[in-house]
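Trainee: Let the hints inform the model, and build the full structure from the sequences given.
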Amino acid sequence: ETGVTQTPRHLVMGMTNKKSLKCEQHLGHNAMYWYKQSAKKPLELMFVYNFKEQTENNSVPSRFSPECPNSSHLFLHLHTLQPEDSALYLCASSQERGTVNSPLHFGNGTRLTVT
Amino acid sequence: KQEVTQIPAALSVPEGENLVLNCSFTDSAIYNLQWFRQDPGKGLTSLLLIQSSQREQTSGRLNASLDKSSGRSTLYIAASQPGDSATYLCAVPYDRGSTLGRLYFGRGTQLTVWP
Numbered sequence: 001e002t003g004v005t006q007t008p009r010h011l012v013m014g015m016t017n018k019k020s021l022k023c024e025q026h027l028g029h030n031a032m033y034w035y036k037q038s039a040k041k042p043l044e045l046m047f048v049y050n051f052k053e054q055t056e057n058n059s060v061p062s063r064f065s066p067e068c069p070n071s072s073h074l075f076l077h078l079h080t081l082q083p084e085d086s087a088l089y090l091c092a093s094s095q096e097r098g099t100v101n102s103p104l105h106f107g108n109g110t111r112l113t114v115t
Numbered sequence: 001k002q003e004v005t006q007i008p009a010a011l012s013v014p015e016g017e018n019l020v021l022n023c024s025f026t027d028s029a030i031y032n033l034q035w036f037r038q039d040p041g042k043g044l045t046s047l048l049l050i051q052s053s054q055r056e057q058t059s060g061r062l063n064a065s066l067d068k069s070s071g072r073s074t075l076y077i078a079a080s081q082p083g084d085s086a087t088y089l090c091a092v093p094y095d096r097g098s099t100l101g102r103l104y105f106g107r108g109t110q111l112t113v114w115p
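Residue numbers (our numbering), protein chains in the order written: chain G, 1 to 115; chain E, 1 to 115.
Careful: at least some of the hints might be erroneous.
With a straight-line Cα cutoff of 27 Å, these simulated DSSO-like cross-link-like pairs (lysine-lysine) come out [stated by the list, open to error]:
id : chain 1 : residue 1 : chain 2 : residue 2
1  : G       : LYS41     : E       : LYS68
2  : G       : LYS22     : G       : LYS40
3  : E       : LYS42     : G       : LYS40
Derived by calculation from the structure, the hints in this document are not laboratory data.
Mentor: Structure follows, in C-alpha cells:
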C-alpha cells in the first residue's frame, strides 16, 4: 500500500450534487492536510488537522466541508460546487513534533470536474 | 504572506546536461525550504528539505542550496536523465509555529529531458 491513498482518482459532478473525497494515510502521522491545485494558481492550502483537531481553515468557502474522524482518515465533503472549483485536490500527511518537522507525504489526488 | 517564485517556468534539455532550477521567496524568516517533484496526474514527492540553519542538502544527483539572506534556493540536477522529466516545486512554511506542513508553494518548473 502507498503511504497516502486518495479515492476516487477522478470525479465528475454537477453543481447540485453532493459528493465526498476520501484520504487515508498508513504512515502513523498525526497531521493531515487538504491542498487544491488549479491550472492557473500555485498549490493552495485549504485545511489542516493536527491530532484530529482542525487548526486551519484557509478562507475556504463553506461548500467545502472537511471531516477528520481519526488521525488516519480525512474527508472533504462537497456540495453545490461551482465550475471554478474544478481542480486536483491533494491530501497530505506529516508527523509534527513541536518545531521538528517532517516532509509532507502526498497522495495522488482526486481530479474533480464540476459541470 | 510569502510570495514564492520559480524560474524558469519550463525547461527542455538533452539528456546528460547539468541543470539549475531557481526558487525565490519574499520573507527571509523561513524555518525550512522543501523541494518536491510532481509527475503528470500524480501527487508530490518530497525530494529535499533544507533547514534554515543549513546551506545545502544532497540526495544522489540532486543538490539543493539555501541562501536565506537573499531569499533564494537552487536545485541542481547533475547528469540529467529522461526519467527526471517532471514538474519541480519549492515550498516554504507559513511561519515558525507548529504544523509545519502549512506551506506556500511556487508554480513550479516543468522539466523535459529528451534522449
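Trainee: Now look at each hint and say whether the structure bears it out.
Mentor: Each hint tested on the structure:
1. LYS41/G to LYS68/E: holds (25 Å)
2. LYS22/G to LYS40/G: holds (25 Å)
3. LYS42/E to LYS40/G: Judged against 27 Å, a Cα distance of about 17 Å means the pair holds.
Violated hints for the displayed structure: none, as all numbered hints are satisfied.
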